Amino acid sequence: MEDQISLDMVMADAIASRYLLTRLSDSVAVVAPGQFDALLERLIHLGHTPKVLEKG
Amino acid sequence: MTMSGSFFDDYLPGVSSDELKSMVRMWGGRTQMRKAECIEYICEGLRDPNRVRTAIAGLKPVEQCALALAKQAGGRIQSQVLAAALCASGWVKRGSRQWGRLDGSLIHDLQRRGLFLEEHSHGLGYYLDSYGPGAWLFSDARLLEQIGYPVFRPLDIVPDVMPSASVYRRPPSVVLDIMGVLNAIERIGGLGVTQTGKMRVRDLRKFEHEVIKGGDSSSNRQFALPNPADAWVNALIGSNLVSLEGVVWRPVGSLDELAAKSYADQVRPILYGFAGATEWSESVAVYSYSTRRLPLFRWALLVALAALSIEGNPFYRIHDLGWALFERIGEAFSLGYLPYPPYQGNKSAQEFRQEQAVWRGKLRQGWKAQEQEWMTSALATWLYQLGIVELGLDGHLPVSVRLTGLGMALLHPEMEPEAADQSEGAAWVIQPNFDLVVYLDRASSEQLAFLERHAERVQAQQHTANYRLTRNAVYGGLESGTSLDDILATLRQGSSQALPQNIEVEIREWAALREKVTLYRRARLLEFDDADARQAAIEGGVSGTPIGDRYLQLATDSQEPARVLVTDYDRPLPRCVAVGEDGHLRVASPRPDLAIAAQLDDWAEPLPPDEWQLTARSVAAPVRAKRRIGELLDLLDQRSRRRVPQLLRVALRAWAGEPPTVHLETVTVLKCPTPEVFEAVKNSPRLGCYLRGVLAPDLLLVDTDQVGALMALLAWAGIKRIDRMPTMGD
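Chains E and X, in that order, are what the protein sequence lines are.
For the first sequence, the working numbering assigns the number 1384 to the initial residue and increments by one for each residue that follows.
For the second sequence, the working numbering assigns the number 4 to the initial residue and increments by one for each residue that follows.
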């Protein structure tokens, strides 16, 4: 995420946080295995427009 | 020159000698040739383009027409469809068109001539299928390469007067529909199929919703497709615009690739997709069991339309067109019951003529009731919707028909294509409220494809379409690979006026918003013991983005350092947890992946380092938050080094609110170590009323309330009682 607050807000969402495995830093979290598409859908539902990259 | 498609070479060894001897004659071979010689001779002929040209020039018109129709169908065509189309072409003699004679000769003759083989059979003549479109035939790609466009004998019909009113659809509207349905399939993530090959109902419903939502208001409602979602799905599957990837139908290629083609090339696959649809009907006049035969009639109708004289592009009465088609195919094909033709036998010529007249009368009756009505529906639904025909109206009823410019381009490919009818001027106007009005006669296919991907279509009229620029649509466009600059530039190019300032600012903001959250499908992450170790690795040449204190996201072009433990999170994660019957969990150190700690934290109380404890309270909390206990059991099954203890599984279910029940009571047991004594007591009628059952080969369950009476009887029998029962440890 761009900053800590943004990630805090996503983690505060009960559904989105279920798709996140662990937080590595203020603004970076690991997506739970197999939950990528569910998280993407949830983020869009929450009003985010995530940039999706295949590799990084 | 490269050629795609099938070659006969691999199939010929499966064809019988007799058939091959017939096939080889086309190449100048002799009937005395042996099988291997025939095959070699045919293959040689097919390899030589000059010999192919000569062979084709020597074919009869019906044979050339058959090859040309197969080419139009993409190289393969079903036998009954080909037979019906050939009859409609006017090249099949009337006497050989009757039911019962046609099947046995027309297609088999084409095969014996060496023009077609069957896809799933090595023999010839297995194509008979009275109730459907027949077996798939294919021709050699080298024959098809040399054959031209199909030529049909003109239908002998008098043109009608010009109607006072007519309707037709313009190519941009048609293309917009095709792009709309392809985009809808992409949007809903494809159309899945079940294990039995049926389309998933849930996906069909989503698709139906999208098709109805994006319904084109430019087309006359009277001439709408019945069951539009079914119609499009059937037509798309029959076209080459979608393909089955695993168990999901998805569009082939991008909308931009489709848009780069001419209107005719964009519509052609869908036209033949509709023609070949076997599970959708355009007319209520067709019984459901006959829909499999509809491709025969649709192809015959396309041929009939192409066989109309186009000089002066007059209208023809639909009624006349139907009866002209009857004259060509009515004795051999029917959507309903086809009466068998009379036999001559010993009848006099007059009797036979009378019987034939009666038979033809029955055929005409059936045709009028069913095929005529079906044909009007076909013209007034998919052929109108695809912009192939212009309908002349009497009031609201379609009574006459002629080909549109697009119809000419598709059914008369031999004619020079008309120059694109594109007006000068801006393609659209963008309003400050994000509405965008498109002038369809000015917009190119590429521009329409761009709008389908980067804006939401609100409605479409005959000459204009309305879109709305929305954040989600622009986001979808950016995600599909378009850059912000390209979006703004294309919007500017299509407009005669400058882009409203607020629109540009807003689109830039939407694009910036996208930069705030990034999701990586496959990120490569390095975990170090501490920040110093990470710094040392960076200084050693490992490049990437530091995350937190100990992590480094590797740059895409960076190599993984040697001697690292790699965990692929797309595969099953390591079994690293020792699970105790008391719910104590111990994780191997160092932890092999990032997931395990977070996964256990959800369900157990942490007891650092690397240990957790499952308790009634720790399990009940996530269950209250709607988590299923099955998730925890699956997690333990996947990550546990050994089988999860049965008692713990029972306890976990109980803690999650699924307590099992047991019955507990104090009982008295009589143990008889000597088998003779055990049998005597068990079988005694006097003692039987004091016993409640047998627990083991030496254990009897005694009625506790009657222990005294039992002991008295045992004492009477001289059996000595020892009070202490040996335990498991004794």
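I should point out that these hints are in silico values taken from the structure, not numbers from a laboratory.
Just so it is clear, the structure is predicted and the values come from calculations on it, not from any experiment.
There's no promise every hint is true.
[Claimed, not checked] Listed next, the in silico EDC-like pairs over lysine to aspartate or glutamate satisfying Cα-Cα at most 16 Å (straight line): (1) E/K1434 to X/E518; (2) E/K1438 to X/D573; (3) E/K1438 to X/E482.
Status of each hint after checking the structure:
A threshold of 16 Å between alpha carbons decides the hint, and for E/K1434 with X/E518 the separation of about 6 Å falls inside it, so the pair holds. Between E/K1438 and X/D573, the direct Cα distance comes to roughly 14 Å. Compliance with the 16 Å bound is thereby established for this hinted pair. Taking the CA atoms of E/K1438 and X/E482, the gap is near 14 Å; set against the 16 Å cutoff, the hint holds.
The structure is consistent with each of the numbered hints, conforming to all of them.
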